[in-house]
Amino acid sequence: MKKTSLFGLGIAALMLLSSVVTADTAAPAAAPTAATTTAPATVAPATPAVAPVAATPTVAAAPAAPAATPAPTINSGDTAWLLISSALVLLMTPGLALFYGGLVRSKNALNMFMKSFISMALVSVIWVVVGYSLAFTKGNPYIGGLDWAFLQGVGLTPNTFYGATVPHQLFMIFQMMFAIITPALISGSVAERMKFSSFVVFMTIWSVVVYSPLAHMVWGEGGYLRDLGALDFAGGTVVHISSGFSGLVLAILLGKRKIGHNDDTRPHNLPFTLLGAALLWFGWFGFNSGSAIASNELAVSAFVVTHIAAATAALTWVLIEWVMYKKSTALGLATGAVAGLVAITPASGFVDPIGALAIGFGVSIVCLLGIRLKHSLGYDDSLDAFGVHGLGGAFGAIATGLFATKAVNSAGADGLFYNGGTELLVKQFIGVGVAIAVAVVGTLIIASIIKLVMGLRVDQEEEQAGLDLNQHGEMAYSRLT
Amino acid sequence: MKKTSLFGLGIAALMLLSSVVTADTAAPAAAPTAATTTAPATVAPATPAVAPVAATPTVAAAPAAPAATPAPTINSGDTAWLLISSALVLLMTPGLALFYGGLVRSKNALNMFMKSFISMALVSVIWVVVGYSLAFTKGNPYIGGLDWAFLQGVGLTPNTFYGATVPHQLFMIFQMMFAIITPALISGSVAERMKFSSFVVFMTIWSVVVYSPLAHMVWGEGGYLRDLGALDFAGGTVVHISSGFSGLVLAILLGKRKIGHNDDTRPHNLPFTLLGAALLWFGWFGFNSGSAIASNELAVSAFVVTHIAAATAALTWVLIEWVMYKKSTALGLATGAVAGLVAITPASGFVDPIGALAIGFGVSIVCLLGIRLKHSLGYDDSLDAFGVHGLGGAFGAIATGLFATKAVNSAGADGLFYNGGTELLVKQFIGVGVAIAVAVVGTLIIASIIKLVMGLRVDQEEEQAGLDLNQHGEMAYSRLT
Amino acid sequence: MKKTSLFGLGIAALMLLSSVVTADTAAPAAAPTAATTTAPATVAPATPAVAPVAATPTVAAAPAAPAATPAPTINSGDTAWLLISSALVLLMTPGLALFYGGLVRSKNALNMFMKSFISMALVSVIWVVVGYSLAFTKGNPYIGGLDWAFLQGVGLTPNTFYGATVPHQLFMIFQMMFAIITPALISGSVAERMKFSSFVVFMTIWSVVVYSPLAHMVWGEGGYLRDLGALDFAGGTVVHISSGFSGLVLAILLGKRKIGHNDDTRPHNLPFTLLGAALLWFGWFGFNSGSAIASNELAVSAFVVTHIAAATAALTWVLIEWVMYKKSTALGLATGAVAGLVAITPASGFVDPIGALAIGFGVSIVCLLGIRLKHSLGYDDSLDAFGVHGLGGAFGAIATGLFATKAVNSAGADGLFYNGGTELLVKQFIGVGVAIAVAVVGTLIIASIIKLVMGLRVDQEEEQAGLDLNQHGEMAYSRLT
Amino acid sequence: MKMVVAVIKPFKLDDVREALSDIGVQGITVTEVKGFGRQKGHTELYRGAEYVVDFLPKVKIEAAVNDDLVERVIESITKAANTGKIGDGKIFVFNIEQSIRIRTGETGNDAL
Amino acid sequence: MKMVVAVIKPFKLDDVREALSDIGVQGITVTEVKGFGRQKGHTELYRGAEYVVDFLPKVKIEAAVNDDLVERVIESITKAANTGKIGDGKIFVFNIEQSIRIRTGETGNDAL
Amino acid sequence: MKMVVAVIKPFKLDDVREALSDIGVQGITVTEVKGFGRQKGHTELYRGAEYVVDFLPKVKIEAAVNDDLVERVIESITKAANTGKIGDGKIFVFNIEQSIRIRTGETGNDAL
Ligand SMILES: Nc1ncnc2c1ncn2[C@@H]1O[C@H](COP(=O)(O)OP(=O)(O)O)[C@@H](O)[C@H]1O
Ligand SMILES: Nc1ncnc2c1ncn2[C@@H]1O[C@H](COP(=O)(O)OP(=O)(O)O)[C@@H](O)[C@H]1O
Ligand SMILES: Nc1ncnc2c1ncn2[C@@H]1O[C@H](COP(=O)(O)OP(=O)(O)O)[C@@H](O)[C@H]1O
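Going line by line, the protein sequences match chains B, L, D, E, C and A. 126 is the number that this note's numbering gives to position 126 of the first sequence; each next residue is one higher, with no gaps. This note's numbering runs 481 ahead of the 1-based position in the second sequence. This note's numbering runs 962 ahead of the 1-based position in the third sequence. This note's numbering runs 1443 ahead of the 1-based position in the fourth sequence. This note's numbering runs 1555 ahead of the 1-based position in the fifth sequence. This note's numbering runs 1667 ahead of the 1-based position in the sixth sequence.
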């Protein structure tokens, strides 16, 4: 019975999807080579080609070439950097698993690991089947088409729109790694109580109906926010706002964990959390710097500001703690670093080191205060996916509107503090608003249906015994020799 | 007394070796630059240069250059990718240590770690002294010579046969990392009972008399299986079949662990195992994609299919578990992922994403069923090195004969499902057969001699107390504050 | 009150600093492009440009180009390798945290982690503000100037002196990672008793007044030891001698830990230590090989000798243990590997594989014996930062004077064993002497002042309860489910 | 004085602790233990095979109390730790011959 | 009722548990402990130096049993845990004044 | 024979062990426990918020001794474990009805 209804749900979702999709996919998804010339045309001076800019600031010769290039050539250095960047971004998901896994009680540790690791298995396959196609074929402004389903047509020659010097498949797999970590981030809000099966079903649908469309709007050819000129270099809206706000909605729908007054809910293994934070930091270089889709000046700049923002945010967090409590915590340092990385993500291709210092400093204040909201408002954002990724991502997206400068990326724009007026800032707010809307509405619908069909939460006894045992039939540690 | 006999054994092995070797090393191992022209000549259209193909499918211009190139030039992008790939493959061995270490009881944890880590120390030195030379100098079809012993003549200019655009030493060190992890894999079959000293002696001899010859046959210039046209892009036979089947033989020779009916033998730290799986997955990108010996389309293709196979296999495994038990385990996901990575290894330079889906799907079924064999047949393949690497490697090698396509790699061949007939499939079976034969016979002989001379197994009391204490004089954890 | 005095201390330090600095910064720090022509002039044949050699042995054409190159061009392969190398070196600091963290009792684990992680936050910001500028602007032979404070003028075009083919910011961030790990290394000498706040203050001042000047002398344009011709490819003096000897001084000033006769002070988690060693090894490829500032033959050579030295040292250590105790320890293997990596660091751009074997073999003997000194001399170098990094670094620097060969790096020199006479050896001794002097004097002054102002050590009760709780308000593990 | 020892389900610790505190028990000592009893262990999975783990994590509480508090302590624990399901655990009462507070040297009931 | 407490070598736990189960002991509670005794600790190595660790991992078993079962319990444990080597451990017997099954409120022998 | 049970501060274990050894106690068994008592737990920090952890790590020592050694054992522990600060812990004495050395089958005082 339950199975049937679930199946029905799947069909419904797919139908919904195809109705959105088919309208536009009939229109010429076009030869990918034609895309480059089109893109600049429609976006003109006001609308920069965001993340995968072929023309980096210092390469003045680039615009001269378009007509002459019959077949784009692979650049081995760019390819090397994007290959390793893809691997680095993949590593972030186990990093996240460690980060989250260390923060829960040991009886729920494997469940946290699994809610990240399953994404590596599941979303990868979804991405091959439809996800990449829905996100990156031309389609309409809100979603791509199905032309690239099962990676048909996604070959080893470059797609000049997305990356003129690397094989198209490489861009595809790099983007896959983003699609993997995003739903895994959500698991931080639902820790210690959400059914594994429900989370997996949620992740499946969410990846298709929330992530892919949002990625399309922000990064896809002809995407609404891209064409609007809202800047998101490496996924502040697509990855962090979307996961953070979806987490918040889920946390509210799930309700609070059953925790006694004096129950010991402390992190069971902070060294894991620190190692996880380190792997996230390490991998984030691929995330942000790899988003230059080249091994060039822009990649270097993104690398540098990413690191500076992470360091500054980490330092800011522990300094605040020091002022408040005369103690500096390891978790605070780790949380600050992650917050800094989140906030710099959308900005990383557009700001300079000074901007990075400012963003890193600001985000720790925002997140540290933001996390306290849950105590007063009463939702159980267990591991602060919303507090760090939702708020940090929103802060970063808006800060991009303040600190962006064409001195770093001529394909970007100038922010408020760099003589750019409020134009970019307004677009950034629109970007944030759209991302929040898509995430909240999408999650509300998906989660409500799942709640109805199969339930969202383990029963109380299972919660007390720990999710590892009853959801996975395993325990993280065996103690007797 | 024991020492003397061991010494004798060493001498005997070396003599045996040199008799095989010397026959051919007198023949011109030739100036490395001459090799390129020779290689294509002998292998002609029917015999593709396997892993290190200079000419990738899309680079049509490549064949035009041969005569004009007086000194091959280093490509910085290719070099960068192979440098980082080498580092990635090295990281797999600690990854394996974590994977295995987490699976045993805590009293044997360090022993598992050591059986991997020691390979990083020991096999590296062996490789410098004789291993690389025996594997990659021209020699005869079954083993190379000693020309490159102590890396004499292995310099910083490219060896055009093995990699025309990277320093020869880089190819050497990349291959070293493969030689390191392979004997470490075996330790999974002998967990919790094999003497450390015996394992070290075994590893030393095995590396020289099993690994190097097999690597020579499959990848070495003039190697038997290479010239036959059996395909093994990144080591399905050399690494996985060889270690898996050697593990099986050792497990049988050792006998079962002494374990009481209700003894708690559960993994003592599954988060370690998951982290290990993640590092393996991460490092495997270097393993497979680095085997293109260039940062080009082939590397990208190998990267993509590697990831897809891993993800698909992981997903398949947990789905089977779900169907069987309504639970999905973390260990299952990790095991599936590793099985997928194993199976795609030989195929990674020859199949497309659809082939990767198929291979990933198939291998989890094979391994999940295969592992059950040990319960019925009664050997104690403790951590399933045979079940995952032996069976998975064999499956992958055979599947290469089904799914290989020249559309991905013109230097490869077409498999059964890609209009290639059974020709390739037959060669693949031969490759599998040879690898099994070499591994089984080699291990039988080496292990039997060691058993006689110094014994293979710790005594019962040591086994009960745990190997960490009596083999290493340490314990993994101290509990009292 | 204490705050005020600390503030005064900061002011004083800065004033001292500026007096040293200002003398020279008035002089033309010059347009960076002019630097290349100057550098060769002053250093002539006898004084090689050390680490960042533009001219690698095989690139004979390099010197011909200077006049013709109007704007240096970015090489994507070199950039890719330096990007990933920077990430790799960053990862070493968490690796170190794991290495050290696993070695202490669990009640002090987070404190060890924090003493490394804080450096990622703190020193990064210091480096941006003044550190890089003090180390790498031209300045005088002992310290650079403030021209590049806040990274003003450190842009995305190459600085031809430090790296002609990569953006200047990339060289800056690569060097930042070295500045981060160095003070973290010191924490191994002060484990389980030094106040976190005092360590942070120490680290801040030390980074500015010890690290930056030393880096300037060894690597900076016009630096004293660089111009002298003392060789330190990747930081044997700057990183390892400086941290090791500073650690020794601190350990003596702090006094011994309060430990009962039979207190259990065993490592609380050796798997962490092993994982940490693995991450160090992995990251060290970036450290040494990245120091070629290019993806070329020199990078490959550095990679190869780095690995060989690590492996040989690890093997040597466990063999010595085997001879002494018929046991080989995991900690011994890890310690040996790190010692090997330390010793090869200064030599890595100058020696060949045979030199690497010798250095790896020698350093384990030196460190194994050296560590015993503490038992007889009575200082509590808790985790042997001095024993491994101080002694190992000194050994490596001197060994560079023995094994260096121009066959590997024409910009280097020939050592005693390669027909170079004692010239280089003498310079190496000078380099070692200067590094020790700067470290010891600097640390003595800084630590003495801190001791006076705020104390160095936690009180006895805090030490007994463990530093995690009272310094950080957290515990590493929670045990009750 | 009596030592009341209770072996209970781990997640009930907090309830029991509070219940004891409510009736004036000033201190307890808690140990993590593994219990074998009528409540059979659970099955776990290992690479596609099921197997039984025959013990369960339990928590042992030790409370030294004044003789006249014993009955109320038993009652409190019984109530707070009860789920009605098998495996709720046991209470055992032992006689304490002497008790000393280390800090002060106080003995007997004063030491509790 | 008596509480039979045995401190044994960890790897003997399974044997002892089975032996007790064979003679009808329905439940036991097990704790990991460190033992100091005549059996000296072992030496371990730390960076080329040897040092003594003076305790050994042991397992403590607690079985509450009917008075008339005590002797057989002692006998079973003695037999199952015996290796004949130093450090095999001890058995101590205590008197239980009361026992209660939390789930049912049963007391005395019925509670075991 | 008596079983002297002491709950002490963890870092005092070594001192207590040595003190006991000095007066001829041949063996002890040690367990890590969590203590709730008058000594309030400590505060910890979690992402910018403070919270109270209401238990403290303690160590439980069990020493079975000859009747006439009991007083000296108590004295030794009291002295060695004393810091004068709250939370130093307690000593409880129980009666042992029987004791057996598993290895030899010796009973009574000979078994200790
Ligand atoms: N005879 C016994 N002696 C010591 N501990 C016991 C005994 N019987 C049960 N226990 C402990 O009590 C726990 C619960 O007992 P069990 O028989 O499973 O259920 P119930 O308490 O409902 O009868 C066991 O897990 C074990 O720790
Ligand atoms: N007097 C004692 N009180 C409590 N526990 C003891 C005592 N003596 C020994 N034990 C426990 O019994 C274990 C074994 O004792 P030991 O003296 O080593 O050997 P044996 O049991 O062969 O006499 C010790 O490790 C300790 O845990
Ligand atoms: N009534 C009790 N029963 C069992 N254990 C107790 C009792 N009271 C205290 N303890 C143990 O003794 C420890 C110290 O007691 P506490 O009241 O904090 O300080 P003090 O020993 O100075 O009176 C507690 O942490 C607890 O483990």
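None of these hints come from the bench; they were simulated from the model. Owing to the predicted nature of the structure, the values given are computational and were not obtained by experimental measurement. There may be inaccurate statements among the hints.
With a Cα cut of at most 30 Å, we get these calculated DSS-like pairs of lysine-lysine [unchecked claim]:
| id | chain 1 | residue 1 | chain 2 | residue 2 |
| --- | --- | --- | --- | --- |
| 1 | A | LYS1707 | B | LYS326 |
| 2 | E | LYS1528 | B | LYS451 |
| 3 | C | LYS1640 | L | LYS932 |
| 4 | L | LYS737 | B | LYS256 |
| 5 | L | LYS807 | B | LYS451 |
| 6 | A | LYS1669 | A | LYS1752 |
| 7 | A | LYS1669 | C | LYS1640 |
| 8 | D | LYS1336 | C | LYS1595 |
| 9 | A | LYS1746 | E | LYS1445 |
| 10 | E | LYS1483 | A | LYS1746 |
| 11 | L | LYS737 | L | LYS855 |
| 12 | C | LYS1557 | C | LYS1634 |
Listed next, the stretches of chain C that the computed footprint assigns to chain L, with coverage defined by at least 3 CB atoms under 8 Å from CB atoms of chain L [stated by the list, open to error]:
| id | region |
| --- | --- |
| 13 | 1590–1600 |
| 14 | 1641–1649 |
Even for Gly, the Cβ is constructed at its ideal location relative to N, Cα and C.
Structure-based check of all given hints:
Among the hinted pairs, LYS1707/A with LYS326/B is consistent with the structure: their alpha-carbon atoms are about 20 Å apart, no more than 30 Å. In summary, the hint linking LYS1528/E to LYS451/B is supported, as the alpha carbons are separated by about 28 Å, within the 30 Å threshold. A distance of roughly 28 Å separates the Cα atoms of LYS1640/C and LYS932/L; the hinted pair therefore holds under the 30 Å criterion. Our distance criterion of 30 Å between C-alpha atoms is broken by LYS737/L and LYS256/B, whose separation comes to about 48 Å.
Distance restraint check for LYS807/L and LYS451/B: the Cα-Cα separation of roughly 19 Å lies within the 30 Å cut-off, and the hinted pair is therefore satisfied. Among the hinted pairs, LYS1669/A with LYS1752/A is consistent with the structure: their alpha-carbon atoms are about 28 Å apart, no more than 30 Å. A distance of roughly 26 Å separates the Cα atoms of LYS1669/A and LYS1640/C; the hinted pair therefore holds under the 30 Å criterion. About 27 Å separates the Cα atoms of LYS1336/D and LYS1595/C, which keeps this hinted pair within 30 Å; it holds.
Restraint check: the Cα-Cα separation between LYS1746/A and LYS1445/E comes to about 25 Å, which is no more than 30 Å; the hinted pair holds. For the proposed pair LYS1483/E and LYS1746/A, the alpha carbon gap of about 45 Å is over 30 Å, so the pair is violated. As the CA atoms of LYS737/L and LYS855/L are separated by approximately 11 Å, the hinted pair is consistent with the 30 Å bound. Only pairs whose Cα atoms come within 30 Å are accepted, and LYS1557/C paired with LYS1634/C is accepted, the gap being roughly 20 Å.
Note: the region 1590–1600 of chain C has 4 residues with beta-carbon separation from chain L under 8 Å; the three-residue rule is met and the coverage holds. For the region 1641–1649 of chain C, the stated coverage by chain L is not satisfied: 0 residues place a CB nearer than 8 Å to a CB of that chain, which falls below the threshold of 3.
When each numbered hint is compared with the structure, violations occur for hints 4, 10, 14.
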